[in-house]
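In order, the protein sequences belong to chains A and B. Be aware that the first sequence starts at 0, since it is given in numbering that gives the first Met the number 0, and climbs by one per residue. Be aware that the second sequence starts at 0, since it is given in numbering that gives the first Met the number 0, and climbs by one per residue.
Hints in this document: simulated from the structure, not taken from any laboratory. Take the hints with a grain of salt, since some may be wrong.
Identical copies look the same in the list; a pair holds intra-copy or inter-copy alike.
Using 30 Å as the maximum straight-line C-alpha spacing, the simulated DSS-like pairs for lysine-lysine come out as follows [as the list claims (entries may be wrong)]:
(1) 445 <-> 364
(2) 325 <-> 383
(3) 28 <-> 383
(4) 352 <-> 325
(5) 28 <-> 290
(6) 445 <-> 145
(7) 325 <-> 364
(8) 325 <-> 290
(9) 140 <-> 325
(10) 345 <-> 28
(11) 445 <-> 290
(12) 290 <-> 352
(13) 445 <-> 62
(14) 62 <-> 412
(15) 345 <-> 177
(16) 383 <-> 38
(17) 177 <-> 352
(18) 364 <-> 177
As the structure is a computational prediction, the values presented were derived from the model and not from experiment.
Here are the chains, one letter per residue:
2 protein chains.
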Amino acid sequence: MSDINPVLAYVDTHIDEALGRLLDLLRIKSISTDPAFAKDCAACAEWHARDLQSIGFEASARKTPGHPIVVGHDRSAPGYSVLFYGHYDVQPVDPLELWTHDPFEPVVETRSDGTKIIRGRGASDDKGQLMTFVEACRAFKAVHGKLPIPVSVLLEGEEESGGASLPMFLAANAAELKADIGLICDTSMWDPRTPAITTMLRGLCGEEVFITGPDRDLHSGFYGSAAANPNHVLARILADLRDADGRIAIPGFYDGVPELPPVLRRQWEALNFDASAFLGAVGLSIPAGEKGRSALEMVWSRPTCEINGMGGGYQGEGFKTVIPSKASAKISFRLVFDQDPHVVRKAFRAFVKERVPADCTVEFKEHGSGKAIRFDIGAPAFEKTRRALTEEWGAEAAYVGGGGSIPVNHELKSALGMDVILAGFALEDDRIHSPNEKYDLRSFHKGIRSWVRVLDALSR
Amino acid sequence: MSDINPVLAYVDTHIDEALGRLLDLLRIKSISTDPAFAKDCAACAEWHARDLQSIGFEASARKTPGHPIVVGHDRSAPGYSVLFYGHYDVQPVDPLELWTHDPFEPVVETRSDGTKIIRGRGASDDKGQLMTFVEACRAFKAVHGKLPIPVSVLLEGEEESGGASLPMFLAANAAELKADIGLICDTSMWDPRTPAITTMLRGLCGEEVFITGPDRDLHSGFYGSAAANPNHVLARILADLRDADGRIAIPGFYDGVPELPPVLRRQWEALNFDASAFLGAVGLSIPAGEKGRSALEMVWSRPTCEINGMGGGYQGEGFKTVIPSKASAKISFRLVFDQDPHVVRKAFRAFVKERVPADCTVEFKEHGSGKAIRFDIGAPAFEKTRRALTEEWGAEAAYVGGGGSIPVNHELKSALGMDVILAGFALEDDRIHSPNEKYDLRSFHKGIRSWVRVLDALSR
């Protein structure tokens, strides 16, 4: 136990140095899904290893079949131990032309109301968020020379690319990494005033499908109608994925998807989620999914099927009357409760094959999978964390569901038997995965202060 | 009237020079649909003007709102006058990686059987074909100092891009360009031994559709299901274009599409078209279009709807869980008999708008249109040409239908009141519009000889 007021004061007086370190980190082009940036990912891992060493962690970037994984330990203090997880990789930046500036030349902008935002790829997801925890540790070390509890840090570089390295790494290093609980900072506030702990996360199943028709591109004037057009074949398959009521039409897809428990339904209704504001913020107004489901259900507790990308034929300037040889699509499913990603993948592939003409061929490529997960909020650490967040933000922290998928949760649970506390300071308008991603300086600053309080609370 | 044997002999002894000129022409990157190549198109027009001048034509490249149009006249001879039409522009070359060599560095390859092919973009469509006519004129001038009949040449640069310049140009220069009949060399042989005159051509209606959903790319984990996904909206529209029987489902689309006249149906049946060989040549086996229609009907006398290109969301390496803001598709319709492209366009746009959610937007871009056309083969010039081709190839030339659309035919008919004889020497395996386009040296050589015979026949 140690007095945290000087630590909080240190955070306030040294926020500019913390911001400077984050801006350095944001300049590293750690796009994990594109092999062209493998060197940048390695450089980013090295950056973190050095940074953790600089505050007394025993840290290094470990080799994996994919991008390196950074591991750091400072277990000099006794007590309740934590493993903090974050990811240093970022999403691709296209369409580049929609960025107001270079995504890897971060800038601090000042709003008309005087508040500041940090703009750049990864500012929120996840470099800005993970650094809130690292800076909290730095402040403790600077003020008291030690941390209040044993802390390990695990930073991966394949979160955005459904990478396969982490599960193997966790299994191979279970004894080293095991802690009393996991901490992750990769989620959002409930709203700009209300902090949140995410207690449910959907799973993921990513698939890429390639349809091949003719063995070359054909002139549609000569072969039109007679030759199978992969664009038509693919469009039919993609259209069939959802029925007229917005339900996903793959047989057995909803197996293991129960209705929401009444208690949770009531709690969510009490949040008075404003669906029209949620959609209005992105220029829409009509919930597009399953009829009869609330928007909050759709994004928290219902499974989804989204075409993340599709393409076939001539997409350049002008026009080309071609029947393409190939067409392809990237499709992802968000899974809930007990849906099994492997069962879903199998059912999807059967659904597609059924719709491919006998003289065309189809290939599939797997892009990551993870089961949905729920945490037991009865564990004392959850309530301690909730109180610490409530103190920092001056508003009751909420237990919420989560739309995104963070496969690591499942891996930590299955490989290390650990529950995870998901507390993050992102905001709905952070535009993560989109052009002009940002992170509020307030999220960064109060996020650091929040972890100072959480680390202290967990030591009591 | 003049003895053609020395002219044919001249063609044989000077074929290498003719080939050299064609290779020069093929090096010019005259891709009309991509503005980046406008300079190359202008250079190509100048090349033709100089070449025509070199054989005594009064020729020049004329400015248009788009790419230049080359016009040349040699009307020193009296008699039955012809206007030869060709196009010097070519299709884009992507996917470039599928070419065995630079598409604009043409090569002459020798097959195992000793026959030669000219490989490069435009080798067949239409530079190689149009040069067969120009070289025939060159031979006449070299041997007899004059042509047997009055000849005008019209070479446009927007045939592959549905360009709008030609109709205006024809209307503005009708008196100058009018001739007794039009000649076009932009079609195929019936088979490698049998020459053909195309007497029916389908029309064209090209459309590009853009769907916009959210005002930015979204994270599918946060907005999945709830936010309209333009990929899903577009896939549904594209799938709906054809019903389960392969019929095009746009209301009124088949207005003005009669059944084939029995006489023509019998003649086509007599051709013993080998549908499995036709599809087998491109790696397919099952006719994909309207149930109950022969493949020959599909490609000659039935209208089509093909998705030439579609795209939306992340199509790069790896995976990105995004809901894209936009998706788009390029769609072309081949029209027959009395279908009106403007009516089809209107019906298509209504069909699409009906399927766009109220909170999404749709935009359209027009890409060319032309009505289908049939020629009166009762005109003596048709039979004279058919006999000339029969003599050159030693096989009865056939009157055939045509799958492609050559809008100029309609323009020549409407603007100048001219019928057109479509005689070409391309082969089904020329891969026009595809990577590794080629033209048989035999097509080029005997094509030149064919025009020598046709020009002579038309002078008798």
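- Using 30 Å as the alpha carbon limit, work out where residue 364 and residue 177 are close: within a copy, between copies, both or neither. neither (33 Å within a copy, 59 Å between copies)
- Task: Pop the pair residue 140 and residue 325 into one bin, within, between, both or neither, using alpha-carbon distances up to 30 Å.
- Result: Answer is neither: 57 Å inside a copy and 49 Å across each miss the 30 Å cutoff.
- Item | Copy assignment of residue 177 with residue 352, given that the CA separation must stay at most 30 Å | neither (43 Å within a copy, 56 Å between copies)
- With 30 Å as the alpha-carbon cut-off, assign the pair residue 445 and residue 62 to within, between, both or neither. neither (34 Å within a copy, 66 Å between copies)
- Item | Status of residue 290 relative to residue 28 across identical chains (alpha carbons, at most 30 Å) | neither (41 Å within a copy, 53 Å between copies)
- Within, between, both or neither: residue 445, residue 364 at alpha-carbon 30 Å: Neither way: residue 445 and residue 364 sit 42 Å apart in one copy and 49 Å across, limit 30 Å.
- Message: Within, between, both or neither: how does the pair residue 383, residue 38 come out at a Cα-Cα threshold of 30 Å?
- Response: Neither, since 40 Å and 70 Å both go past 30 Å.
- Message: At most 30 Å between CA atoms: does that hold for residue 290 and residue 352 within a copy, between copies, both, or neither?
- Response: Classified as both; 28 Å inside a copy, 21 Å across copies.
- Can you give me the call for residue 62 and residue 412, within, between, both or neither, at a CA distance of at most 30 Å? within (23 Å within a copy, 72 Å between copies)
- Task: Could you figure out if residue 325 and residue 290 sit no more than 30 Å apart (CA to CA) within one copy, between two copies, both or neither?
- Result: between (34 Å within a copy, 23 Å between copies)
- Message: At most 30 Å between CA atoms: does that hold for residue 345 and residue 177 within a copy, between copies, both, or neither?
- Response: The answer is neither: 33 Å in one copy and 65 Å across copies each exceed 30 Å.
- Item | 30 Å Cα threshold - placement of residue 364 relative to residue 325 | both (15 Å within a copy, 24 Å between copies)
In this structure, the hints that do not hold are numbers 1, 2, 3, 5, 9, 10, 11, 13, 15, 16, 17, 18, in rising order.
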